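Number of protein chains: 2
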Amino acid sequence: MNDDLIEKLIEQFRTLPGVGFKTAQRYAFSIIEGKKERAQIFAKTILEVKEKIGFCKICGNFTNQEICPICQKRNRRIVCVVKEPKDVLAMEKVKTYDGVYHVLFGTISPLENRGPNDIKIKELLKRVQDDNIEEVIMATNPDVEGDATALYIAKILKPLGVKVTRIAQGISIGSDLEFADEVTLAKALEARRDIN
Amino acid sequence: MNDDLIEKLIEQFRTLPGVGFKTAQRYAFSIIEGKKERAQIFAKTILEVKEKIGFCKICGNFTNQEICPICQKRNRRIVCVVKEPKDVLAMEKVKTYDGVYHVLFGTISPLENRGPNDIKIKELLKRVQDDNIEEVIMATNPDVEGDATALYIAKILKPLGVKVTRIAQGISIGSDLEFADEVTLAKALEARRDIN
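Line by line, the protein sequences are chains D and G.
FYI, in the working numbering the residues of the first sequence are 1 to 196.
FYI, in the working numbering the residues of the second sequence are 1 to 196.
Simulated from the structure, these hints should not be mistaken for lab results.
As the structure is a prediction and not an experimental result, all values here were calculated from the model.
Errors might be hidden in some of the hints.
Copies of one chain are not kept apart here, so a pair can be met inside one copy or by any two copies together.
[As the list claims (entries may be wrong)] DSSO-like mimics (lysine-lysine), calculated; alpha carbons at most 27 angstroms apart, straight line:
(1) LYS57 to LYS122
(2) LYS73 to LYS57
(3) LYS158 to LYS57
(4) LYS73 to LYS93
(5) LYS22 to LYS93
(6) LYS126 to LYS158
(7) LYS122 to LYS35
(8) LYS158 to LYS8
(9) LYS73 to LYS35
(10) LYS158 to LYS120
(11) LYS36 to LYS22
(12) LYS36 to LYS57
(13) LYS73 to LYS8
Work out the full structure: start from the sequences and follow the hints.
This is the structure we're talking about:
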């Protein structure tokens with residue numbers, strides 16, 4: 001017996017990850033009860049993001065420019081390889097890191113039928129071949145798939161003479177990079193070692 | 001070193017109640033990674049809600065019609081008085097209730113400097129005088145302010161000869177109506193009693 005429109009808005013909020021009915025309802029009422037300008041900015045930002053955000057030509061991360069701000073300004077000879085864009089945000093908490101990134105958009109997972117060709121490994125290979133890269137730091141998650149992907153990439157990059165390292169497993173095993181704290185991430189980066 | 005646009009979207013999600021940075025980030029990436037159509041529908045629904053949702057002429061609840069679906073179809077001689085629109089949603093879980101509502105948009109709170117004239121009590125009085133109402137059920141929250149508001153309203157309605165009841169305090173004291181389960185709410189409604 002609700003208004004259809006309010007229910008529609010609740011449904012929209014329910015499409016967000018981890019949002020149940022009660023939470024969606026709270027969000028919806030906060031929009032309904034809030035100022036019109038706020039709702040307009042909210043809606044506009046969602047549209048603008050979808051309109052303008054594409055992929056960085058170099059690292060593959062989301063950006064609204066041809067080349068993302070990180071690739072524009074930092075040392076491109078050191079490349080940190082991560083699974084997802086949000087892992088870039090996690091690594092960026094380590095203020096001392098001055099290199100760039102490579103976003104794989106996934107990890108190798110035989111269980112989920114995802115092989116090396118289904119993630120951005122070819123693109124990484126090309127970067128290493130073309131861009132005079134000194135070191136590739138594997139910062140995939142410290143789980144089975146992340147480790148397997150790191151090993152696979154190390155194996156195919158080794159013949160090219162590039163140094164391949166893995167962030168230290170100071171990050172707790174089985175957890176997700178996204179939720180690690182700065183100190184752990186900084187230590188893990190510091191203690192990185194060759195993959196052999 | 002994030003893109004400004006992505007940060008802008010994260011900020012927008014942070015304006016939602018109870019949303020911290022990590023959660024806002026998850027929501028933002030779900031929009032960025034999702035389909036364009038989904039983002040468009042999301043944004044459109046937010047705008048549409050702000051454009052069309054107003055207040056029901058009878059009960060004061062949010063609606064996109066002049067008179068809300070509940071007031072249109074149900075027994076208008078029984079009125080359940082609640083603090084907020086979301087409390088209507090909570091009460092609606094009680095499928096056996098066939099009456100209508102009156103939304104106060106607040107409770108009397110001396111501490112927060114909110115008196116009877118700051119909430120929709122005048123409107124309720126007018127409804128009782130004009131609409132031949134049989135019973136007013138006070139379903140404000142079972143806390144100090146909710147109880148005080150219920151007593152105040154009972155006092156001013158009594159001279160009009162209308163029956164005023166209070167939902168039973170089977171609902172746990174100090175909690176919020178929004179979070180009560182259906183069974184508790186149904187029982188509380190069943191055991192309502194006269195305010196004397």
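Evaluation of the provided hints:
Taking the shortest alpha-carbon separations for LYS57 and LYS122, only the intra-copy value of 14 angstroms comes in at or below 27 angstroms, while the best inter-copy value is 63 angstroms. Taking CA atoms no more than 27 angstroms apart as the test, LYS73 paired with LYS57 passes inside one copy only; the shortest distance there is 14 angstroms, against 58 angstroms between copies. With identical chains, the CA atoms of LYS158 and LYS57 are at most 27 angstroms apart within one copy only, with a shortest distance of 24 angstroms there and 73 angstroms across copies. Proximity of LYS73 to LYS93 under the C-alpha cut-off of 27 angstroms is restricted to the intra-copy arrangement: shortest distance 17 angstroms within a copy versus 56 angstroms between copies.
With identical chains, the CA atoms of LYS22 and LYS93 are at most 27 angstroms apart between copies only, with a shortest distance of 13 angstroms across copies and 32 angstroms within one. When the C-alpha separation of LYS126 and LYS158 is checked against a cutoff of 27 angstroms, the pair qualifies only within one copy, where the shortest distance is 14 angstroms, while the shortest distance between copies is 82 angstroms. Taking the shortest Cα distances, LYS122 and LYS35 sit within 27 angstroms of each other only across copies (25 angstroms), while inside one copy they are farther apart (48 angstroms). Within a single copy, LYS158 and LYS8 get their C-alpha atoms no closer than 53 angstroms, and across copies no closer than 40 angstroms, so neither meets the 27 angstroms cut-off.
Proximity of LYS73 and LYS35 under a CA criterion of 27 angstroms is satisfied in neither setting, with 38 angstroms inside one chain copy and 30 angstroms between copies. When the C-alpha separation of LYS158 and LYS120 is checked against a cutoff of 27 angstroms, the pair qualifies only within one copy, where the shortest distance is 18 angstroms, while the shortest distance between copies is 74 angstroms. For the identical chains of this complex, LYS36 and LYS22 are neighbours both inside a copy (23 angstroms) and across copies (26 angstroms), given an alpha-carbon limit of 27 angstroms. For the homomeric pair LYS36 and LYS57, the shortest alpha-carbon distance between copies (21 angstroms) is at most 27 angstroms, but the shortest distance inside one copy (37 angstroms) is not.
With identical chains, the CA atoms of LYS73 and LYS8 are at most 27 angstroms apart between copies only, with a shortest distance of 21 angstroms across copies and 43 angstroms within one.
In this structure, the hints that do not hold are numbers 8, 9, in rising order.
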